[in-house]
Amino acid sequence: MKILVCITHVPDTTSKIAFTDNNTKFDSSGVQYIIGPYDDYALARAVELKEAHGGSVTVLNVGTAESEPTIRKALAIGADEAIRVNAEPTDSFFVASQIAEVAKEGYDLILMGRESIDFNSGVVHALVGEMLGIVSVSPVMRLEVEGNTATMDREIEGGKQTIQIDLPFVAGCQEPIAEWKIPNMRGIMTARTKPLNVVEPVGGEKQVKLVDYELPAAKGAVKIVAQEEVNELVKMLQNEAKVL
Amino acid sequence: MSVLVFIESDNGNIKKSSLEAVSFGAGIAKQEGSTVTALVLGLVEDSQLGALGMAGASKILHAKEERLNTPSIMAYASAISQVLEQTGATTLVLAQSALATPAGARAAVKAGAAIVSNVIELPVVEGGQFKVKRGIFTGKAFETLNVEADKRVLVVKKNAVELKADGGEAVVEEVAVSLSDGDFVLKVLETHKQEGDVLLPEAEIVVSGGRGLKGPENWGIIEDLASSLGAATGCSKPVSDMDWRPHHEHVGQTGIKVSPNLYIAVGISGAIQHLAGVNSSKCIVVINKDPEAPFFKAADYGIVGDAFEVLPKLTEAIKAVKS
Numbered sequence: 182m183k184i185l186v187c188i189t190h191v192p193d194t195t196s197k198i199a200f201t202d203n204n205t206k207f208d209s210s211g212v213q214y215i216i217g218p219y220d221d222y223a224l225a226r227a228v229e230l231k232e233a234h235g236g237s238v239t240v241l242n243v244g245t246a247e248s249e250p251t252i253r254k255a256l257a258i259g260a261d262e263a264i265r266v267n268a269e270p271t272d273s274f275f276v277a278s279q280i281a282e283v284a285k286e287g288y289d290l291i292l293m294g295r296e297s298i299d300f301n302s303g304v305v306h307a308l309v310g311e312m313l314g315i316v317s318v319s320p321v322m323r324l325e326v327e328g329n330t331a332t333m334d335r336e337i338e339g340g341k342q343t344i345q346i347d348l349p350f351v352a353g354c355q356e357p358i359a360e361w362k363i364p365n366m367r368g369i370m371t372a373r374t375k376p377l378n379v380v381e382p383v384g385g386e387k388q389v390k391l392v393d394y395e396l397p398a399a400k401g402a403v404k405i406v407a408q409e410e411v412n413e414l415v416k417m418l419q420n421e422a423k424v425l
Numbered sequence: 002m003s004v005l006v007f008i009e010s011d012n013g014n015i016k017k018s019s020l021e022a023v024s025f026g027a028g029i030a031k032q033e034g035s036t037v038t039a040l041v042l043g044l045v046e047d048s049q050l051g052a053l054g055m056a057g058a059s060k061i062l063h064a065k066e067e068r069l070n071t072p073s074i075m076a077y078a079s080a081i082s083q084v085l086e087q088t089g090a091t092t093l094v095l096a097q098s099a100l101a102t103p104a105g106a107r108a109a110v111k112a113g114a115a116i117v118s119n120v121i122e123l124p125v126v127e128g129g130q131f132k133v134k135r136g137i138f139t140g141k142a143f144e145t146l147n148v149e150a151d152k153r154v155l156v157v158k159k160n161a162v163e164l165k166a167d168g169g170e171a172v173v174e175e176v177a178v179s180l181s182d183g184d185f186v187l188k189v190l191e192t193h194k195q196e197g198d199v200l201l202p203e204a205e206i207v208v209s210g211g212r213g214l215k216g217p218e219n220w221g222i223i224e225d226l227a228s229s230l231g232a233a234t235g236c237s238k239p240v241s242d243m244d245w246r247p248h249h250e251h252v253g254q255t256g257i258k259v260s261p262n263l264y265i266a267v268g269i270s271g272a273i274q275h276l277a278g279v280n281s282s283k284c285i286v287v288i289n290k291d292p293e294a295p296f297f298k299a300a301d302y303g304i305v306g307d308a309f310e311v312l313p314k315l316t317e318a319i320k321a322v323k324s
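For the record, the sequence lines run as chains Y and C. Per our numbering, residue 182 is the first one in the first sequence, and the count goes up by one each step. Per our numbering, residue 2 is the first one in the second sequence, and the count goes up by one each step.
Among the hints, a few may not be true.
As the list claims (entries may be wrong) - Quick partial rundown of chain C residues pointing at chain Y, CB under 8 Å, derived from the structure:
hint, residue
1, 107
2, 115
3, 116
4, 117
5, 132
6, 137
7, 143
8, 144
9, 149
10, 186
11, 194
12, 297
13, 301
14, 302
15, 311
16, 314
What the hints assert, rightly or not - Straight-line distance between alpha carbons at most 30 Å, and here's what the computed DSSO-like set of lysine-lysine pairs gives:
hint, chain 1, residue 1, chain 2, residue 2
17, Y, 423, C, 298
18, C, 290, Y, 423
19, C, 132, C, 60
Quick caveat, the hints were computed from the structure, so don't treat them as lab data. Idealized CB from N, CA, C, for every residue including glycine.
With the hints as extra help, turn the sequences into a complete structure.
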């Protein structure tokens, strides 16, 4: 089974978000970068499937050379080879076009996180599926493959659904599809020599252009209500906050 | 130039988020001097359609093809893109959901339109520009984009605009769409859904519990407060990790992101990953016995106290106001 896992290179979930250049650039100073948490679940499941069924895992990242330590980490976790599309991942349509171009080569499974935690578009799996003319499913919480057929649980509003589909397809993954894997020493050593191929992007047209970034307005101070005065709280929610 | 809004229904009932999407579409139409058409797929009673006119649609297209009665991302994407082409609409609006978001994305590729998701407020259309604001970094920041493509698909977050009810009556027409067997290759084996409860992503009010509740057997006080408010219940990540509550109730960075009018957090310390899932709530109330809990810094109102004492009293107080 040939598996393609698409990963993002994103600021750690505890990062403080700030912008520079008149709010047109993300301030990466002091920021720790990680494999997108959802992508990390997808990668972990891909490695498990390879161990169970044989085959190979290729990781794909659309990003600049700065992503390479993150890509090496994915190789250390158990991917066999990596492809980096050398471009700034500016918008979801552009990123999806790059993934679809690489995926055309023929993979049985295309896995990724259900969304990136930096730009949160949550649509790349669907765009890639449509570009390739195959089914896309998200968010997937369980994925089993038997022969040419996959059985999955996907989360729906207020519950979950068990579905079945033949390969190939695209899946956006989330917990608890697998446990995150921590690379061991041997993995880290072998990752250094695994192939990491850099390819140039296709297409260049952008559908959207950034105007600027913005941080939310600072929150006013919290109003503390004594625990004996719940009636006061209810009154404030009614008359002041007007949410009841 | 016109706006098409996809209407999602749940068991034949139009979702409130879709009505909001119509009001959102009407806000765009007003700026560009166009009109809003609402697209209804599958089984929805005619009596439900009036609300769409009130929310701002001037026309309703209803595709009654039987195969659309069961939601399918592929089939819905096909139907939506066909109607987009038939109507010549330049903007498609969908309310964010597990069904509508991917269906909208696929329709965007079919139609050659730009896609912008996680939209949090009404776009500004002026001087040939179409500026859209969306949430990024999981609610920790926003970006404004100018959509340069001629056609655009906007996936809108809950509470992006207020639901309007000042519209009129919309003309209802049937529309034909053609679907292929390829749209139905995904087999649904089983569906588990909690019936009767308020859906978390749709809820106006959410009451969430954390580890401070000490165990799943104590969830009664959360449920009582929620039912007094007509609220949905949520939980923190440790609670769903420990299987006290199902995963679809997990609110946070890697769970459901909610944007209700009122979010009440009980016994949740307020880790940054939890805040990421709630920071677009209009009003946040935190109940925690630890005055140093970081959640208080993100809250509008707080009670420092024991949940087991505070919650029953709060539930009584709310019942008293509601009756």
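Index of numbered hints that the structure contradicts, given in increasing order: Per hint list: zero violations.
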